[in-house]
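J.: Chain by chain, the residues:
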Amino acid sequence: MIRALIIDDEQHAREELEHLVKGTGAFELLGSCSNAIDALRRIRIEKPELLFLDIEMPALSGFELLAMIEDELMPHVVFVTAYDEHALKAFEEKTLDYLLKPVSAERLLKTVHKVRDAIRRGDPPRYQVEPLRHIPCQFANRVKLISPTAVGSVFSDVTGIHVVTSEGQFFTELTLRVLEERTPLLRCHRQYLVNPKSIDEIKLLDNGLAEIKTLVGSILPVSRRYLRQLKVYLQL
Amino acid sequence: MSLVFELLQQTAVIIVIAYLFSKSPAMNYLTGDRLKRQELLVLYIVFSLFSILGTYTGLPIQGAIANTRAIGAVLSGLIGGPVLGVAVGLTAGIHRFSLGGFTDLACAISTTVEGLVGGLIYLYLLRRKQPENIFHPFVAFSTTLVAEALQMLIILAIARPFSDAVALVEVIAVPMICANAVGAALFISMVRDQKRVRDKVGAMFSAKAFTVADRTLGILSQGFSSETAREMAEIIRQETGVGAVAITDREEILAFSGIGSDHHHAGNPIVTKWSKQALYENKVVFANGYDEYFQCPLAENCPIGSVLVVPLQVDQEVVGTISLYEPKTKLFLNINRSFGEGLATLYSHQLLRSRFEEQKSLLVQSELKLLQAQVNPHFLFNALNTIMSIIRKDSDQARRLLLQLSNFFRTNLQRKSDIVTLEEELAHISAYLEIEKARFGERLSVKQEIDPTLLDLQIPIFTLQPLIENAIKHGIADLLNQGEIWVRAYRQGEFVIIEVEDNAGNYRPPIDTQGLGMRLVDQRIKNVYGSEFGLTVEYDPQQKTLVQVKLPIEKELANDSCVNH
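Chains as they are written, first to last, in this note's numbering: chain A, 10 to 245; chain B, 4 to 568.
If you're looking for bench data, these hints aren't it; they were derived computationally from the structure. Watch out, some of these pointers could steer you wrong.
Only pairs whose alpha carbons sit at most 30 Å apart, straight line, appear in this in silico BS3-like list of lysine-lysine [said to hold, decoys possible]: (1) B:529 x B:547; (2) B:331 x A:31; (3) B:396 x B:331; (4) B:286 x B:450; (5) B:331 x B:450; (6) B:333 x B:396; (7) B:286 x A:153; (8) A:153 x A:119; (9) B:276 x B:26; (10) B:39 x A:119; (11) A:153 x B:333; (12) B:363 x B:331; (13) B:450 x B:333; (14) A:123 x A:31; (15) B:396 x A:31; (16) B:396 x B:476; (17) A:206 x A:123; (18) A:206 x A:222; (19) A:153 x B:203; (20) A:153 x B:211; (21) B:363 x B:450.
Here's a subset of chain B near chain A, in silico, CB distances under 7 Å, partners left out [what the hints assert, rightly or not]: (22) 165; (23) 166; (24) 380; (25) 389; (26) 391; (27) 392; (28) 394; (29) 440; (30) 444; (31) 448; (32) 451.
Only a predicted model underlies this, so the values are computations on that prediction, with no experimental measurement involved. C-beta: ideal position from N, C-alpha, C; glycine also.
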């Protein structure tokens with residue numbers, strides 16, 4: 010049984026695909042999600058082997074969801090789309106397979122074979138993920154999409170990951186690791202990332218530590234381990 | 004006194020010469036513009052001969068010659084400037100010198116001086132920016148008067164013996180001064196009159212050309228057909244007064260008006276070699292009636308004797324001809340020839356323009372088709388996918404949705420008229436919205452607030468559809484929570500406002516492809532109603548997008564005024 014998750018913003022589309030997926034008897038369906046944010050949470054909890062991923066979704070597309078998933082959690086992906094203008098691009102992303110809506114049961118069986126083969130061979134799901142264009146943050150009942158260039162710094166505490174911009178602080182589901190790898194943000198401390206474009210001043214302290222003041226006005230600690238990297242990056 | 008009469012007789016000769024001069028090509032040079040070298044040479048020869056003639060027609064008096072030589076020298080200076088004046092004066096002077104007599108040297112010098120005087124006056128007038136006064140008889144009169152007076156002084160100063168010179172001057176001074184001055188004034192006045200007549204003819208001709216152009220261009224803009232050709236041929240014949248006018252396309256005569264119309268008919272194939280030559284070689288063909296006769300291949304007794312055929316071309320391609328005919332009894336005027344050629348050029352430009360307009364309107368129509376086609380793929384496949392899912396749960400609803408879908412595509416594919424009522428447009432989008440509501444479920448709600456008195460309002464087809472599609476595609480479909488769309492139509496003073504608002508606020512100022520549909524809506528409304536109407540977008544990021552269409556309330560639309568056929 011392949012552990013699979015369906016992601017599509019339209020209820021009827023989800024139900025239709027659930028029906029077809031169950032009909033093959035090859036999948037253990039972990040659930041269906043209606044947007045990328047929900048999907049990211051479920052992926053962390055359920056760690057599925059396969060995503061049936063709709064490309065056109067509100068706010069964050071299927072491609073953007075992939076950019077938000079940590080490498081070690083990355084499942085295999087089958088794109089599902091109504092119109093095949095994305096199909097070509099999906100193939101370029103070296104996706105496993107793609108399905109066109111409305112999906113036929115026969116076509117889905119081919120997908121089952123492809124996925125089984127890939128899992129049996131132990132092919133790691135590798136996608137050339139794009140850099141993140143938006144950092145999805147929670148903001149009232151909306152998802153606020155923040156461009157990485159607008160970020161001053163990011164920090165983690167017991168409540169989660171917080172993005173600091175000139176407009177305020179926002180909670181995000183993304184990990185510091187993903188943000189460090191897929192945005193221009195730099196690590197300056199185990200718990201802090203800084204936007205190098207936003208650095209106002211760096212104050213060197215005793216015992217090899219430092220402090221960064223950002224243009225937004227926050228003060229960030231710099232640990233010994235990351236100070237050297239930072240100096241190299243900034244050519245200090 | 005007898006001397007005065009005899010000199011006046013001479014002036015009669017001058018007037019004849021002036022008349023001949025005014026008919027000669029040299030007249031063309033007297034435009035008041037700066038003269039070219041070649042033109043100066045012609046004037047030099049003409050005026051030198053004229054001046055020498057003045058010497059020959061002179062009367063021998065007391066060993067000297069009373070004459071009108073001065074006129075040629077002074078006028079050449081006046082018309083052509085000091086260089087020409089001195090050259091003519093010197094030539095006539097040397098000639099006079101060769102004839103001998105006790106005043107020979109004095110006359111030679113004075114004639115040159117007279118040419119110079121004319122030239123100085125020319126320079127003076129040019130400097131004062133009054134070149135038109137060169138052709139004023141009074142100027143010619145005074146200049147010659149002064150020049151002749153100078154001549155008398157020069158004779159007194161140079162001719163020897165002095166006593167003979169005084170005696171001569173006493174006799175010839177008054178008659179020669181008067182006769183030369185009057186002669187020069189007469190000459191200039193003659194030339195000026197001829198010039199005026201020419202200018203007047205030119206002006207009349209231009210006026211005629213403008214009238215014809217004005218009357219026919221409007222007709223031509225309705226297209227190049229036998230109908231419009233007939234009207235045009237009639238007008239051209241009336242205005243130019245030529246014997247007959249024919250307009251053809253590549254194969255046949257579209258219209259014929261004038262003499263010979265008993266056997267030259269519209270609808271006849273093109274038979275004359277002149278028309279064929281003009282058509283196939285794309286050049287102006289002229290049979291002037293004496294070097295080359297027009298021979299009618301249809302009737303022996305055809306009254307037509309000469310013909311001008313001018314090709315009409317659009318983009319290097321000959322699409323027809325215009326022919327002007329004159330009867331055997333009449334000369335083909337050059338003026339009508341250049342007129343015919345000019346007219347054909349004008350029509351060719353107009354035809355090119357109409358072709359451009361036609362293509363532009365075709366473009367609008369094909370863009371409209373594109374707009375219809377634009378909706379297809381995503382909407383269709385998503386709709387089918389939605390319906391497939393609903394079939395399992397609620398086959399009645401699925402059936403209803405399939406009906407809506409077929410209604411939507413039927414109206415989209417079958418709409419023929421360019422104008423619909425607001426009610427029809429609303430019915431069309433409601434089919435679309437029903438399917439989208441099924442697809443998005445509770446995420447989409449649509450509210451309509453329509454002033455019921457506006458339901459009969461005539462609007463260009465597909466005005467609302469692209470706005471709704473945009474609101475769904477870029478608004479609601481991108482929204483995580485409840486999406487709302489308002490469709491409103493209401494009066495605002497003189498105008499009608501139709502608006503679509505969504506609560507997503509994801510509108511991005513043009514650049515990207517979402518602009519196409521909206522841009523077309525805007526363009527078409529501006530084309531039909533004027534630039535003060537059309538589309539405006541107001542948006543508040545993440546809050547709302549409001550697209551408003553402003554239309555006039557009163558204007559009744561003709562059924563075909565939206566897109567030209």
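J.: Please go over all the hints and tell whether each is borne out by the structure.
T.: Now the hints, each set against the structure:
Of the supplied pair hints, the one linking residue 529 of chain B and residue 547 of chain B holds, its CA atoms being roughly 25 Å apart against a limit of 30 Å. Simply put, residue 331 of chain B and residue 31 of chain A have alpha-carbon atoms about 98 Å apart, too far for the 30 Å limit, and the pair is violated. Among the hinted pairs, residue 396 of chain B with residue 331 of chain B is inconsistent with the structure: their alpha-carbon atoms are about 93 Å apart, more than 30 Å. Using a Cα cut-off of 30 Å, the hinted pair residue 286 of chain B and residue 450 of chain B is violated, with the two alpha carbons roughly 67 Å apart.
For the hint linking residue 331 of chain B to residue 450 of chain B, the alpha-carbon distance of about 81 Å lies beyond 30 Å, and the restraint is violated. With a C-alpha separation of about 94 Å, the suggested pairing of residue 333 of chain B with residue 396 of chain B is violated against the 30 Å cut-off. Proposed proximity of residue 286 of chain B and residue 153 of chain A is contradicted: the alpha carbons are some 72 Å apart, above 30 Å. Using a Cα cut-off of 30 Å, the hinted pair residue 153 of chain A and residue 119 of chain A is violated, with the two alpha carbons roughly 39 Å apart.
For the proposed pair residue 276 of chain B and residue 26 of chain B, the alpha carbon gap of about 36 Å is over 30 Å, so the pair is violated. For a cut-off of 30 Å, the pair hint linking residue 39 of chain B to residue 119 of chain A is broken: about 91 Å separates their Cα positions. The straight-line distance between the Cα atoms of residue 153 of chain A and residue 333 of chain B is roughly 90 Å, outside the 30 Å bound, and the hint therefore fails. With a C-alpha separation of about 47 Å, the suggested pair residue 363 of chain B and residue 331 of chain B falls outside the 30 Å cut-off, and the hint is violated.
In summary, the hint linking residue 450 of chain B to residue 333 of chain B is not supported, as the alpha carbons are separated by about 80 Å, beyond the 30 Å threshold. With a C-alpha separation of about 17 Å, the suggested pair residue 123 of chain A and residue 31 of chain A falls inside the 30 Å cut-off, and the hint holds. For a cut-off of 30 Å, the pair hint linking residue 396 of chain B to residue 31 of chain A stands: about 16 Å separates their Cα positions. For a cut-off of 30 Å, the pair hint linking residue 396 of chain B to residue 476 of chain B stands: about 26 Å separates their Cα positions.
The suggested pairing of residue 206 of chain A with residue 123 of chain A is violated, with an alpha-carbon distance near 45 Å, which exceeds 30 Å. A distance of roughly 12 Å separates the Cα atoms of residue 206 of chain A and residue 222 of chain A; the hinted pair therefore holds under the 30 Å criterion. Of the supplied pair hints, the one linking residue 153 of chain A and residue 203 of chain B is violated, its CA atoms being roughly 80 Å apart against a limit of 30 Å. For the hint linking residue 153 of chain A to residue 211 of chain B, the alpha-carbon distance of about 73 Å lies beyond 30 Å, and the restraint is violated.
As the CA atoms of residue 363 of chain B and residue 450 of chain B are separated by approximately 38 Å, the hinted pair breaks the 30 Å bound. Hint on residue 165 of chain B is violated. Least Cβ distance to chain A is approximately 109 Å, over the 7 Å limit. Proximity of residue 166 of chain B to chain A is violated relative to the hint, the smallest CB-CB distance being about 113 Å (cut-off 7 Å). The beta carbon of residue 380 of chain B is positioned within 7 Å of a beta carbon in chain A (closest approach about 4 Å), and the interface hint is therefore held.
Annotation: residue 389 of chain B was flagged as interfacial toward chain A, and the flag holds, the nearest CB pair being 4 Å apart, inside 7 Å. Against a cut-off of 7 Å between C-beta atoms, the interface hint on residue 391 of chain B holds, since the closest Cβ of chain A lies about 5 Å away. For residue 392 of chain B, the suggested interface contact is upheld, since its CB lies about 4 Å from the closest CB of chain A, less than 7 Å. Because the beta carbon of residue 394 of chain B sits about 9 Å from the nearest beta carbon in chain A, more than 7 Å, this interface hint is broken.
Interface hint at residue 440 of chain B: violated, since its Cβ lies 11 Å from the closest Cβ of chain A, which is beyond the 7 Å cut-off. With its C-beta approaching chain A no nearer than about 5 Å, residue 444 of chain B sits inside the 7 Å limit, and its interface hint holds. The beta carbon of residue 448 of chain B comes no nearer than 15 Å to any beta carbon in chain A, farther than 7 Å, and the hint placing it at the interface is violated. The interface hint given for residue 451 of chain B is violated, since its Cβ lies 24 Å from the closest Cβ of chain A, which is over the 7 Å cut-off.
This entry does not satisfy hints 2, 3, 4, 5, 6, 7, 8, 9, 10, 11, 12, 13, 17, 19, 20, 21, 22, 23, 28, 29, 31, 32, going by the numbered hints stated previously.
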